[in-house]
Amino acid sequence: MPDPIYLDHAATTPVRDEVLEAMLPFFGARFGNPSSVHRWGREARTALDEAHERVARCLGASADEVVFTSCGTEADNMALLGVWRARRAQGRSAVVTTPIEHKAVLAAAHQAKKEGGEERLLAMTTDGLVDDASFDALVDEKVAICSVMWVNNEIGVLQPVPALAARAKAKGVVFHTDAVQAFGKVLVDARTTAFDVLSLSGHKIGAPKGIGALYVRRGTPIEPLMFGGTQDRGRRPGTENVAMAVGLARAAELAVAEREHEWTTLAALRDRLEAALLERIPDAVIHGRGAPRAPHILNISVPGTDSESLLMALDLRGIACSAGSACQSGSISPSHVLAAIGVPADLATSAIRMSLGCLTTDACVDRVADVFPMLVEKARRLTMA
Amino acid sequence: MRERVLVAMSGGVDSSVAAALLVKQGYDVVGATMKLFCHGEDLPDRPCCSLDSVNDARRICEQLGVPHYVLNLESAFGRDVVQDFVAEYARGRTPIPCVRCNTFTKFRDLLKKADVIDARWIATGHYAQMRDGVLHRGLDPAKDQSYFLWGIERRVVSRMLLPVGAQTKAETRAVAHELGLELIAEKAESQDICFVPDGDHMKIIARELGADAPSLRPGPFVRRDGTVLGEHDGFARYTVGQRRGLPGGFREPMFVVEIRPSSREVVIGPRDELLGRGVVAREVNWLVSPPSVGDEVEVQIRHHAAPARGVLVRSEPDEVEIALDEPVSAISPGQSLVLYAGSIVLGGGVIERARRGLPILAARERQYGTPELQ
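For the protein sequence lines, the chains are A and B, in the order given. Basically the numbering used here = 1-based index in the first sequence + 31. Basically the numbering used here = 1-based index in the second sequence + 541.
One should not assume that every hint holds.
Cut-off 30 Å, straight-line C-alpha distance, at most; resulting in silico cross-link-like pairs (BS3-like, lysine-lysine) [claimed, not checked]:
{"id": "1", "chain 1": "B", "residue 1": "Lys653", "chain 2": "A", "residue 2": "Lys409"}
{"id": "2", "chain 1": "B", "residue 1": "Lys710", "chain 2": "B", "residue 2": "Lys684"}
{"id": "3", "chain 1": "A", "residue 1": "Lys202", "chain 2": "A", "residue 2": "Lys145"}
{"id": "4", "chain 1": "B", "residue 1": "Lys653", "chain 2": "B", "residue 2": "Lys565"}
{"id": "5", "chain 1": "A", "residue 1": "Lys145", "chain 2": "B", "residue 2": "Lys744"}
Hints were generated in silico from the structure; no laboratory data involved. Values in this document were obtained by computation on a predicted structure and should not be read as measured data.
Excised from the complex, chain A in its bound form (with noise of 0.2 Å):
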């Protein structure tokens, strides 16, 4: 058998090797508690707050506006939870977001609605954009915190997020931007564009798991989810991971040197997968297809299969994609995505999510443009049996 390829990188990255690199000496001798005051302590303290200034750099923020978090959840659940028991006291009880968003902001909107809270979900066009007028009926005085994915992990839509920070503000709205499929890929400016919290993750963007960040803007209530020690500023207690954050930091630096580059690079290998498809299966669905896209999701459905036959089809030719959220048996169940899309459940349930990244090549488009098809034709052929 070839080779085989990893077309999931949405789902995870490798760890690169400068990152890598960076995070060695804290795993050694640089092995301090950066709440230490001796030499050991000092040394780990420092790298620490580069970490914080450096990934801060990368989001046009300050290094206080930046807290690191275990994972891209945490950070999610920071942003909304921490927000709205902030807020929920002046008269903010409402939670507006997406039913598009990763599960880890629409579990935290849910965990505020039963704490006491209102659960507003938007309304979604078909492109799989944020429909306008449901924003606009939604986000009001009574709204503490909105919270709209950059780019969605399944579809890879890009919503404004520009322009609905910016509406949200003029309600007196924190807006929060899941901005985990997004880093590296769009620009990310807190000067620029007006979200108040974002969150990141590392092992998206060549950082380990286990690492990410939440931008918290100067000034916005905010609660801690745990208590303990201050460190941190008391946001986020507990000894700093600091062997990952410095990890967090190299990869942050280069996912923006690289942003345009990966951009431009990813597109086209993506287009070029796209049209390969297509044309040798013109009735396939590329979902999302009619808004902005990041460069590096393609999801697919083909009429007549089904995601979970293809995926193991795939796998056992080398392939490795995903489809919908698995569960933690690792049995796939319906996108609620592409549900929230008005995508037909027989379409939804054929999806496959193909996601582009470093170990992407013109080789690995060729084989599965050629691979895929064939799949889909024995699998369409036996369907029809």
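Once you've looked at the hints, dock chain B against the given chain A.
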């Protein structure tokens, strides 16, 4: 090129050893665990179909060096197995969901997945044997599961491998140890119906049909002559042949002999009222060329029952009738009638009703118009 086989793996010892044996025999093995239902957070883990089971199957596959997938068959299983299970109880019958699961989910639906990945074969850890495309009883009489496999279509049966059917359970465990599958070698056997929490099927019926479903509402205990003996708390709790939960004060042991869903009556009577001389079954499926009317067959009306001898007296596309040589006790509608010739499974059906009198005369009359006793 090695032939590919898709193995249904529950994470238990039987299917794990089945996969291991197939690897050893040189097959290109692909493991799959079927997710058939989800209890969500309602229940602590159960021995079957739980998250732990999926994880065990995955780890065994890693150990064997073969890929493993989780197949989400929840909606198909809900439709083909759970809904039927509930509907059968509502009709006053006692269903065997495992039969329908094997017929539809475990083999037919698995075969569809097998086709997509070019797998020539499908395999499970059932204790039954495939010999030249014919299904036989498992070698170990204590473990034989052929009773549950009669409903599988012939085109599906022809592609089945049952690698542990020729050994005893003890041998299977020994093989597991031998192959280093310590993770699952001594795993406890799953006993109950996998999707029924705590072995209480009433909960499932209440969930699916509502707590006020007729089968869950009180009704009368009666004798065949109509005498009312008391009240029961829902006929879905009762099965033909059951002794538990009946009114007392009789000189001989009493049993449920019939359930009448339309009047919600549970009929009770002494042992001799349980005896049947004939069985009518529907949803008939043949795994070999069907026997002819008048042929002698061995039949089993319950798992683990000793086979009884009888004669096929009527055979229509969807209904068969057997005349039994000796009366058989507690023939329960909803259970399976399985026909055997020695160890070969000929086919079977779902028991529609028992006949208390010998059915030969009536049947022969209808078939040939010549009343005669054999």
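To see whether the hints hold, each was checked on the structure:
1. Taken as a hint, the Lys653 of chain B and Lys409 of chain A pair is honoured in the structure, with Cα atoms around 12 Å apart against an allowance of 30 Å.
2. This hinted pair checks out: Lys710 of chain B and Lys684 of chain B have alpha carbons roughly 7 Å apart, not beyond 30 Å.
3. As the CA atoms of Lys202 of chain A and Lys145 of chain A are separated by approximately 25 Å, the hinted pair is consistent with the 30 Å bound.
4. For the hint pairing Lys653 of chain B with Lys565 of chain B, the CA-to-CA distance comes to about 25 Å; that is within 30 Å, so the pair holds.
5. Under the criterion of a C-alpha separation no larger than 30 Å, the hint pairing Lys145 of chain A with Lys744 of chain B is consistent with the structure, at around 27 Å.
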